[in-house]
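Undergrad: Please construct the entire structure, taking both the sequences and the accompanying hints into account.
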Amino acid sequence: DIQMTQSPSTLSASVGDRVTITCRASQSISSWLAWYQQKPGKAPKLLIHKASSLESGVPSRFSGSGSGTEFTLTISSLQPDDFATYYCQQYNSYSRTFGQGTKVEIK
Amino acid sequence: EVQLVESGGGLVKPGGSLRLSCAASGFVFSSYSMNWVRQAPGKGLEWVSSISSSGSYTHYADSVEGRFTISRDNAKNSLYLQMNSLRAEDTAVYYCAKDLLNYSPDGSDIWGQGTVVTVSS
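Each protein sequence line maps, in turn, to chains A and B. Note that our numbering has the first sequence beginning at 124, numbered continuously upward. Note that our numbering has the second sequence beginning at -18, numbered continuously upward.
If you're looking for bench data, these hints aren't it; they were derived computationally from the structure. Only a predicted model underlies this, so the values are computations on that prediction, with no experimental measurement involved. The beta-carbon is built from N, C-alpha and C at its ideal position, and this holds for glycine as well. There may be inaccurate statements among the hints.
[Claimed, not checked] Pair ranges (Cβ atoms, derived): (1) 141(A) <-> 23(B): 25 to 31 Å; (2) 230(A) <-> 85(B): 37 to 43 Å; (3) 149(A) <-> 63(B): 26 to 32 Å; (4) 22(B) <-> 131(A): 21 to 27 Å; (5) 52(B) <-> 139(A): 45 to 51 Å; (6) 136(A) <-> 33(B): 37 to 43 Å; (7) 54(B) <-> 202(A): 37 to 43 Å; (8) -14(B) <-> 124(A): 26 to 32 Å; (9) 179(A) <-> 46(B): 32 to 38 Å; (10) 47(B) <-> 126(A): 20 to 26 Å; (11) 141(A) <-> -11(B): 29 to 35 Å; (12) 163(A) <-> 70(B): 20 to 26 Å.
TA: What follows is the structure, encoded as structure tokens:
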């Protein structure tokens, strides 16, 4: 199975900061990667699909990049609503594994 | 409104069985692959199973292979997860989720609110 590793596990940042989260795949997944945001007690929300395509309705401060085995999610200017946990998910293989998550906390 | 609503969760003893349901509305259910994803208390997301739009193809995580069965009834706009031989480590919130696209695998754009499964004696 393809393993997905996110870093960091926790990130402390301030409103207005530029934030970058990395996701690495154990083998090439081309661009078959999605990013989600999850807040406590809520279902995940799709932010990015196909590594860099912004889901409809998602603010443009979110962007995704990468291909192969290394991917990044960037928030250009962190807003109060962005404090949450972020997950990557690969769907290159039938087993659609998630990364372990990155919690973005208030600094 | 596009919506997924899960039901069927509850408390079950180790070794027991449970059947989860997910009712879909607001989109052409029969056109999309569907998924089950779970989240153990305080833990991250874990993909559990996927099923193709027709129901012909199913896939499972190693952790549930042979114990869980995913199915769908397109006439009833419903997705199911039959869970047998349940273990304590299956305790989680179970979400159903719809694929974004109807012609290739992609991320999941619509999620249910989740149903809680607790496996305990």
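Undergrad: Now tell me, hint by hint, if it's right for this structure.
TA: Hint check results:
Roughly 29 Å separates the CB atoms of residue 141(A) and residue 23(B), a value that falls within the hinted 25 to 31 Å. At about 40 Å, the CB distance of residue 230(A) to residue 85(B) agrees with the hint of 37 to 43 Å. At about 31 Å, the CB distance of residue 149(A) to residue 63(B) agrees with the hint of 26 to 32 Å. Checked against the hint of 21 to 27 Å, the pair residue 22(B) and residue 131(A) passes, with Cβ atoms roughly 22 Å apart.
The beta-carbon spacing between residue 52(B) and residue 139(A), approximately 48 Å, falls within the hinted interval of 45 to 51 Å. The hint said 37 to 43 Å for the Cβ distance between residue 136(A) and residue 33(B), and at roughly 40 Å that hint holds. The beta-carbon spacing between residue 54(B) and residue 202(A), approximately 42 Å, falls within the hinted interval of 37 to 43 Å. The hint said 26 to 32 Å for the Cβ distance between residue -14(B) and residue 124(A), and at roughly 30 Å that hint holds.
Distance hint check: the CB atoms of residue 179(A) and residue 46(B) are about 34 Å apart, consistent with the given range 32 to 38 Å. Taking 20 to 26 Å as the suggested C-beta distance range, the pair residue 47(B) and residue 126(A) conforms, at roughly 22 Å. Evaluation of the 29 to 35 Å hint for residue 141(A) and residue -11(B) yields a failure: the beta carbon distance comes to about 43 Å. For residue 163(A) and residue 70(B), the hinted distance range of 20 to 26 Å is satisfied, since their beta carbons lie about 22 Å from each other.
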